[in-house]
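**Q** Chain by chain, the residues:
2 protein chains.
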Amino acid sequence: MSLIVQKYGGTSVGDVERIKNVAQRVLATRDEGNQVVVVVSAMAGATDHLIGLARQISTVPDAREMDMLLASGEQVSVALLAMALHELGCTAVSMTGPQAGIFTDASHTRARISRIATERVMDRLGNGHVVIIAGFQGRSETDEITTLGRGGSDTSAVAIAAALKADCCEIYTDVDGVYTADPRLVPEARKLNAISHDEMLELASLGAKVLQSRAVEFAKKYSVPLVVRSSFNTAPGTWIVKETDQMEDVVVRGVSLDKNQAKITFLHVPDRPGVAATIFKHLADQTINVDMIVQNISEQGKTDVSFTVPADDLERSLRVSREIAGLVGAADVSANSDIAKLSAVGVGMRTHTGIAAKMFGILSEAQVNIAMISTSEIKISCVIPKHQADQALRLVHNGFGLGAGENPAAEN
Amino acid sequence: MSLIVQKYGGTSVGDVERIKNVAQRVLATRDEGNQVVVVVSAMAGATDHLIGLARQISTVPDAREMDMLLASGEQVSVALLAMALHELGCTAVSMTGPQAGIFTDASHTRARISRIATERVMDRLGNGHVVIIAGFQGRSETDEITTLGRGGSDTSAVAIAAALKADCCEIYTDVDGVYTADPRLVPEARKLNAISHDEMLELASLGAKVLQSRAVEFAKKYSVPLVVRSSFNTAPGTWIVKETDQMEDVVVRGVSLDKNQAKITFLHVPDRPGVAATIFKHLADQTINVDMIVQNISEQGKTDVSFTVPADDLERSLRVSREIAGLVGAADVSANSDIAKLSAVGVGMRTHTGIAAKMFGILSEAQVNIAMISTSEIKISCVIPKHQADQALRLVHNGFGLGAGENPAAEN
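Protein chains in written order, with the working numbering: chain A, 1 to 412; chain B, 1001 to 1412.
So here's chain A without its partners, still in its complex pose (with noise of 0.2 Å):
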């Protein structure tokens, strides 16, 4: 007998019907003689819903009041979807996550699991029955309700599966599984079998918004073996793993592509030691969430500085930057929002050479003039211009091999 926990995301239960379905999966997993722990997010839009009634009274609401608020979002889905088990004959019964054990500190709106008290789950589990998890919630260790933001529920389901040690942690959600490239942009994209841990960070945090980062490291550090699937077919999904040998074989596993970005530059700053750090410091203190540097050559003792930030940040981080220009001399500052972020990933960069140069070969081939590029050990990304992006997403994508028919480690 295996224990799984299984999570499902708001659009796989959105409506009354979809919950229906879900239970049917559910039960079949418990069928085939397993032990079900179910994570459920709130229902599609119900989270939007009760953000915008906190945002008509208060352009700042509480965060802890939000969490009081946001939690009761996934108290819904969790007693619809324990009533739509019991109509099937199935025993079944929902808990909140202060129920469930799951302790957080004390960051309302963003908390992190803490620690997780599993003996009610377990005794309802030996009781025989299905046990639904409110996810994306806790409680602080003063009994307060807590959130673990936006997403947060995949977290739940992996931290739940570590605790209870279970044997696998499946997250459905209205994708197949993890593609070597967004289908929508690239039609050759292919889904992947598997993907390591470190790529599939890599990837979440560019924009390929399949599974959050921090369940990911969940996984990763207390070795859960995860699977991405849908909740609308049967499809076998993605395997996140733990990196083996093999995977160096392939050595881009994926292109992702964010178009919501935005540049800004420092122009003719005084290079002198300092500078950088007064920019950023002050961007920080104003919470502008800054993602790639670049500092050009110095020319006559000045220098260009561009960052980039979020698009919806811009006009904000346009108008922190205009202050800080004064303070650090610089002669002006320009913003571009007509840019996008092309990245490569895969483990294989660590072992073999040459790929950036194989990247930059293949867009300056198609006229893509690169603006910014930033690498790590698995990845390499490429500020772009955003009315080229999409093009030179399919280039790199079957550039490297991804297309169908070329690559070894998707699906045939």
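Some hints could be false.
Estimated spans, in silico, between C-beta atoms of each pair [claimed, not checked]:
#1 B:Thr-1059 - A:Arg-319: 55 to 65 Å
#2 A:Gln-246 - B:Arg-1055: 52 to 62 Å
#3 B:Ile-1051 - A:Arg-115: 28 to 38 Å
#4 A:Arg-115 - B:Arg-1055: 30 to 40 Å
#5 A:Gly-89 - B:Glu-1323: 21 to 31 Å
#6 B:Pro-1385 - A:Asp-123: 56 to 66 Å
#7 B:Arg-1115 - A:Thr-142: 38 to 48 Å
#8 A:Arg-55 - B:Thr-1091: 18 to 28 Å
#9 A:Arg-55 - B:Ala-1106: 30 to 40 Å
In silico contact screen, one side only, chain B against chain A (beta carbon under 10 Å); selected entries [unchecked claim]:
#10 Ala-1079
#11 Leu-1080
#12 Leu-1081
#13 Arg-1120
If you are wondering where the hints come from, they were derived from the structure by calculation, not from laboratory data. All C-beta atoms in this analysis are idealised placements derived from N, C-alpha and C, irrespective of residue type, glycine included.
Add chain B to chain A, keeping to what the hints say.
**A** Leaving out everything else, chain B in the frame of chain A:
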């Protein structure tokens, strides 16, 4: 400094604007130098929406899961009200029923409050917070979420007021207070300044849905000063008070009408011991809620037994009754849904005689036929034809001097 518990119903917090109005009211009460605890229902419509979802999944949803589901409703309204108070610069904190220490028995969907652990609420009050508590809900001793049944927020408020030894409990609703009769039916009806607990209990059970009966019982038992007021104006409302000698000067405090009744009659039942017991035991076994019962005098060893049931239950009751008719040897079973129950209530009946006769006289003069009669110490109820009910209500109301300019207990 007084400690005041205020309760706002679903209509009073039905949308964002109304929540803001409630916040203003709460703040005004605090600014007068009081400590304030606020008990809130779910936003109007929220509970019905949740029940609708559950019904789409299950015709008889599990009671525990219903509680899990429905308790989410107040969690939303308390959080939003806390945010609205923060916007006004007022320190405030929301609590679920479980967080506020409201312990109940384990009877899901109709739990009874067993004890209230007040430490957390008192602590926050002591720190200068307005404490906002989710009504209608509590927790069992095994940390399950329970609810008190529809309208249970009134009971929550009074129980919390009793536990905190509050100076008074104010129930805010969408009516101005308790009237001598339903003003929609009787234009001469007047608002009462005060009414005794027992009178209020009789009126509540007779369909004047201003206050939940259990809340009134609680207020009586623990001597909680209780007032019903409108949340939409500043009129003083109606106090529900301990009975005083002067109250008996008014023989009839108010009249009420219940049109949601139907009558079933067992015809020509053998008049022997055990027949009534058999009939009403079988009805009770089917959880049919029987109200008035009348057995006519025996003729030739046969009698007729009539009783009333809620009109919504008529069809089912009739089906069950036909089965019972065979068991007890009744000739036939008849039904009549053209009935209404007209009642007059007043503690003065204890000391005054001839009240029943006067009521029958008023009805007789108006050619209203009385089908059934039932009396208690402080109440007379008559079942009359529904099509004459509105007219009869007004005649009885005015006949007992409850109209304008005539009633010393009502406002001028």
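**Q** Now tell me if each hint is right for this structure.
**A** Here is how each hint holds up against the structure:
For the pair B:Thr-1059 and A:Arg-319, the supplied restraint of 55 to 65 Å holds, since their beta-carbon distance comes to about 58 Å. At about 53 Å, the CB distance of A:Gln-246 to B:Arg-1055 agrees with the hint of 52 to 62 Å. Taken as a hint, the range 28 to 38 Å holds for the pair B:Ile-1051 and A:Arg-115, whose Cβ atoms sit roughly 36 Å apart. In this structure, A:Arg-115 and B:Arg-1055 meet the distance hint of 30 to 40 Å, their C-beta atoms being roughly 38 Å apart.
Between A:Gly-89 and B:Glu-1323 the C-beta distance comes to about 30 Å, which sits within the given range of 21 to 31 Å. A hinted range of 56 to 66 Å holds for the C-beta pair B:Pro-1385 and A:Asp-123, which are about 59 Å apart. Roughly 21 Å separates the CB atoms of B:Arg-1115 and A:Thr-142, a value that falls outside the hinted 38 to 48 Å. The hinted range of 18 to 28 Å is satisfied by A:Arg-55 and B:Thr-1091, whose Cβ atoms lie roughly 21 Å apart.
For the hinted restraint 30 to 40 Å between A:Arg-55 and B:Ala-1106, the CB-CB distance of approximately 38 Å keeps it satisfied. The closest approach between the C-beta of B:Ala-1079 and any C-beta of chain A is roughly 4 Å, which is under the 10 Å cut-off, so the hint is satisfied. This hint holds: B:Leu-1080 has a C-beta 6 Å from the nearest C-beta of chain A, less than the 10 Å allowed. The closest approach between the C-beta of B:Leu-1081 and any C-beta of chain A is roughly 9 Å, which is under the 10 Å cut-off, so the hint is satisfied.
Checking B:Arg-1120 against chain A by beta carbon gives a least distance of about 8 Å; that is within 10 Å, so the hint holds.
Hint check: a violation occurs at hint 7 only; the rest are consistent with the structure.
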